[in-house]
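Chemist: In case you want the letters, here they are:
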Amino acid sequence: MQIKPILSALRRHKAGTFLIAMQIALTLAIVCNALFIIHQRVAHLSEPTGIDEANIFIVKNEWVGAPDSARVDAMMRADLQTLRQVPGVQDATPSNSYPLRGSGWDDGVKLKPDQLQDSSGSTIYFADEHFIDTLGLKLIAGRNFRADEIGHMDMRYKLAPPVVIITRALADKLFPGGQAVGKTIYLIGGPATVVGVVDLLQAQSVERWASDFAYRSVIIPERLTLSLGSFYIVRARPGQLDAAMRAAGKALFAQNPRRVIADDDGLLSFSEVRSRAYESDRGMAILMGVISIVLLAVTAAGIVGLTSFWVGQRRRQIGVRRALGATRQDILHYFMTENLLISCAGVLVGTVLAIAMNLWMVTRFEMHRLSLSYLVTGVVILLLLGQGAVLAPALRASRVPPVEATRSV
Amino acid sequence: MLKMTHLSKVYRTEVVETYALRDFNINVNEGEFVAVTGPSGSGKTTFLTIAGLLETFTGGQYHLDGVEVSNLNDNERSRIRNEKIGFIFQAFNLIPDLNVFDNVEVPLRYRGMKAAERKERIMNSLERVGLASRAKHYPAELSGGQQQRVAIARALAGSPRLLLADEPTGNLDTQMARGVMELLEEIHREGATIVMVTHDPELAARAQRNVHIIDGQVVDLAEDPRFHHAVHAARANSPA
Numbered sequence: 001m002q003i004k005p006i007l008s009a010l011r012r013h014k015a016g017t018f019l020i021a022m023q024i025a026l027t028l029a030i031v032c033n034a035l036f037i038i039h040q041r042v043a044h045l046s047e048p049t050g051i052d053e054a055n056i057f058i059v060k061n062e063w064v065g066a067p068d069s070a071r072v073d074a075m076m077r078a079d080l081q082t083l084r085q086v087p088g089v090q091d092a093t094p095s096n097s098y099p100l101r102g103s104g105w106d107d108g109v110k111l112k113p114d115q116l117q118d119s120s121g122s123t124i125y126f127a128d129e130h131f132i133d134t135l136g137l138k139l140i141a142g143r144n145f146r147a148d149e150i151g152h153m154d155m156r157y158k159l160a161p162p163v164v165i166i167t168r169a170l171a172d173k174l175f176p177g178g179q180a181v182g183k184t185i186y187l188i189g190g191p192a193t194v195v196g197v198v199d200l201l202q203a204q205s206v207e208r209w210a211s212d213f214a215y216r217s218v219i220i221p222e223r224l225t226l227s228l229g230s231f232y233i234v235r236a237r238p239g240q241l242d243a244a245m246r247a248a249g250k251a252l253f254a255q256n257p258r259r260v261i262a263d264d265d266g267l268l269s270f271s272e273v274r275s276r277a278y279e280s281d282r283g284m285a286i287l288m289g290v291i292s293i294v295l296l297a298v299t300a301a302g303i304v305g306l307t308s309f310w311v312g313q314r315r316r317q318i319g320v321r322r323a324l325g326a327t328r329q330d331i332l333h334y335f336m337t338e339n340l341l342i343s344c345a346g347v348l349v350g351t352v353l354a355i356a357m358n359l360w361m362v363t364r365f366e367m368h369r370l371s372l373s374y375l376v377t378g379v380v381i382l383l384l385l386g387q388g389a390v391l392a393p394a395l396r397a398s399r400v401p402p403v404e405a406t407r408s409v
Numbered sequence: 001m002l003k004m005t006h007l008s009k010v011y012r013t014e015v016v017e018t019y020a021l022r023d024f025n026i027n028v029n030e031g032e033f034v035a036v037t038g039p040s041g042s043g044k045t046t047f048l049t050i051a052g053l054l055e056t057f058t059g060g061q062y063h064l065d066g067v068e069v070s071n072l073n074d075n076e077r078s079r080i081r082n083e084k085i086g087f088i089f090q091a092f093n094l095i096p097d098l099n100v101f102d103n104v105e106v107p108l109r110y111r112g113m114k115a116a117e118r119k120e121r122i123m124n125s126l127e128r129v130g131l132a133s134r135a136k137h138y139p140a141e142l143s144g145g146q147q148q149r150v151a152i153a154r155a156l157a158g159s160p161r162l163l164l165a166d167e168p169t170g171n172l173d174t175q176m177a178r179g180v181m182e183l184l185e186e187i188h189r190e191g192a193t194i195v196m197v198t199h200d201p202e203l204a205a206r207a208q209r210n211v212h213i214i215d216g217q218v219v220d221l222a223e224d225p226r227f228h229h230a231v232h233a234a235r236a237n238s239p240a
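The listed protein sequences derive, respectively, from chains A and B. Here this note's numbering is used: the first residue of the first sequence is 1, the next is one more, and so on. Here this note's numbering is used: the first residue of the second sequence is 1, the next is one more, and so on.
Hints should not be assumed to be uniformly reliable.
[Unchecked claim] Covered stretches of chain B, going by a simulated chain A footprint (3 or more residues, C-beta under 8 angstroms):
no.: 1; segment: 41-51
no.: 2; segment: 90-101
no.: 3; segment: 106-115
[Said to hold, decoys possible] Reference excerpt, derived from the structure (chain B facing chain A, CB under 8 angstroms, subset only):
no.: 4; residue: Glu-55
no.: 5; residue: Ser-78
no.: 6; residue: Arg-79
no.: 7; residue: Phe-87
[As the list claims (entries may be wrong)] Label-pair ranges, simulated between beta-carbon atoms:
no.: 8; chain 1: A; residue 1: Arg-369; chain 2: B; residue 2: Ala-116; range: 46 to 56 angstroms
no.: 9; chain 1: B; residue 1: Pro-39; chain 2: A; residue 2: Val-294; range: 55 to 65 angstroms
no.: 10; chain 1: A; residue 1: Met-22; chain 2: B; residue 2: Glu-68; range: 45 to 55 angstroms
no.: 11; chain 1: B; residue 1: Asn-124; chain 2: A; residue 2: Phe-18; range: 36 to 46 angstroms
no.: 12; chain 1: A; residue 1: Lys-14; chain 2: B; residue 2: Gly-41; range: 38 to 48 angstroms
no.: 13; chain 1: B; residue 1: Asn-73; chain 2: A; residue 2: Val-294; range: 42 to 52 angstroms
no.: 14; chain 1: B; residue 1: Asn-124; chain 2: A; residue 2: Met-22; range: 41 to 51 angstroms
no.: 15; chain 1: A; residue 1: Lys-14; chain 2: B; residue 2: Asn-124; range: 26 to 36 angstroms
no.: 16; chain 1: B; residue 1: Gly-130; chain 2: A; residue 2: Gly-305; range: 35 to 45 angstroms
no.: 17; chain 1: A; residue 1: Ile-3; chain 2: B; residue 2: Glu-182; range: 33 to 43 angstroms
no.: 18; chain 1: B; residue 1: Glu-68; chain 2: A; residue 2: Lys-14; range: 45 to 55 angstroms
no.: 19; chain 1: A; residue 1: Met-22; chain 2: B; residue 2: Asp-23; range: 54 to 64 angstroms
Because the hints were derived from the structure by calculation, they are not lab data. Here the structure is a predicted model, which means the values were calculated and not measured. Glycine included, each C-beta is placed from N, C-alpha and C at the ideal position.
Work out the full structure, taking the sequences as your base and the hints as a guide.
Modeler: Right, here's the structure in full:
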């Protein structure tokens, strides 16, 4: 192996060697962390909501004037009646919010009335007896709400429904290993009996602050009758989403024109909801991806540039080596090995930098600890990039003829 | 040892063909010290680069140590250069990034020799040229004469069958040139075959035999009367 003379030669070219090694180190540190962030964001993007996203759309209905709670309830029931009769609509339900909306009602759940600390956080969904079918939720224990259990309330009332349905995640948290149905839980307004458990229903927010109760939801048998308006969640029959959306808006206006359904977000398919909810995650992933690609390209260009410069500078030296018996492969190996040694130094420093950068982000931005697999992947990428980048100039070097040794400078 | 028969070397461009060597014939026996002389542009260096397998030739035959080299591939030519030929260049051609020891080691590494044997050969070669104490010095820290001695040590370390020297004293002052020339003569006396290209009649006079090239062909030295007389005068003034 030529390692000793290569190291000896590199010591005579400290500046170029140092700069490239540092460029590799910085690239590794940034790319490792960027890949880690991308993976986290992508994993976040693919978290399931638990609902039949392909066929669901949301109507954001705003009332004109300031109708009281009883009036709102009457209008909502009329709207729901109308929506359920729209061609292509399978079912419809009112709600204060829906998964991925980004805001709604979150509240603590307790197991005893005098408990100071909440047993769990949760998202509160106000619903009627059509909620489970409309969202396509899977009831895994107990029963659905009966029509006679559905009431209506506005923000002035206490949250104290007689019965609730909870998600499996919340049931597991509150009653680990046990049966939730029939048990009593305490909401802010008082006790409620769990009558059913649904399999999966994501919270309304996908932000980090809500991650502790991401799938812990409580479904309340009340229509939330706010004078401002409310949401209708509508499930279309398979393949009829677009037609049902268009028809739903017209039908609601025909039934009662004293409302506003905004052009931009009044009617949203759930794919648009998902797209809007993860806009920043997707943007961050793309930004990190672009930064990584640009950095890798700049590093590769740096390696190509420096090696090309060194090949040009050492043309006569290469000729001398060839004259003294080096084969083309020997010259190729020389430059590949030289790059590998620089890259190894770079990735060594880069690994330390990557860990330090991640630790800093863990303390500043509540990020997770960098997994070792990202470091290994980053190191492999950088080493392969180095070898790939050096290949063209190294091949050029290997083609320098031995007669170059006799040419005058 | 070295035999070229009707050898030619043609440089072709789109519009012109230039013969660097034409119907070139030379035979160097084992143990000879031959000076190849001729005016600038006569083809001396082309002869040397072909003799050293640094370049291919266009026509004719070339036998080196009994091997016809025209059909050898690049790797085989590299191996022969490494094992059978020692080069001494006018510009020394040491690798500036490597110290003296590492410079002498270069051809031995390409031979795949073990470290212990390499070290022994390197130190023997450096002792022979009187530079063992400078093994850790870099070329830039040595005089021109010392650099050429290192180049000679590098050429000798591999125990080549043939030493090719291209104007070995061309970049040296008179005193250093004399030292290098004496070293070459000493190496020759020990049995080495040396072919030295030079345009210096005094150096040519110290070789056993002169081969004179004009316009790419070997000619009788008498065809270049000025050079002929200069060589004779140098021989007459030589202390030997």
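Chemist: Does each hint fit the structure? Answer for all of them.
Modeler: Verification of the supplied hints:
1. 41-51: The restraint on the segment 41-51 of chain B holds, since 3 of its residues have a Cβ under 8 angstroms from chain A and three suffice.
2. 90-101: Result for this restraint: holds, n = 7.
3. 106-115: Satisfied; 5 residues make the cut.
4. Glu-55: 5 angstroms, holds
5. Ser-78: 5 angstroms, holds
6. Arg-79: 7 angstroms, holds
7. Phe-87: 6 angstroms, holds
8. Arg-369/A with Ala-116/B: 46 to 56 angstroms: 49 angstroms, holds
9. Pro-39/B with Val-294/A: 55 to 65 angstroms: Once the Cβ atoms are compared, 59 angstroms apart, the range 55 to 65 angstroms for Val-294/A and Pro-39/B holds.
10. Met-22/A with Glu-68/B: 45 to 55 angstroms: This hint holds: roughly 53 angstroms between Cβ atoms.
11. Asn-124/B with Phe-18/A: 36 to 46 angstroms: 38 angstroms, holds
12. Lys-14/A with Gly-41/B: 38 to 48 angstroms: 43 angstroms, holds
13. Asn-73/B with Val-294/A: 42 to 52 angstroms: This hint holds: roughly 44 angstroms between Cβ atoms.
14. Asn-124/B with Met-22/A: 41 to 51 angstroms: Holds: the Cβ-Cβ distance is about 43 angstroms, inside 41 to 51 angstroms.
15. Lys-14/A with Asn-124/B: 26 to 36 angstroms: 33 angstroms, holds
16. Gly-130/B with Gly-305/A: 35 to 45 angstroms: 43 angstroms, holds
17. Ile-3/A with Glu-182/B: 33 to 43 angstroms: 38 angstroms, holds
18. Glu-68/B with Lys-14/A: 45 to 55 angstroms: For Lys-14/A against Glu-68/B, whose Cβ atoms are near 48 angstroms apart, the range 45 to 55 angstroms holds.
19. Met-22/A with Asp-23/B: 54 to 64 angstroms: 60 angstroms, holds
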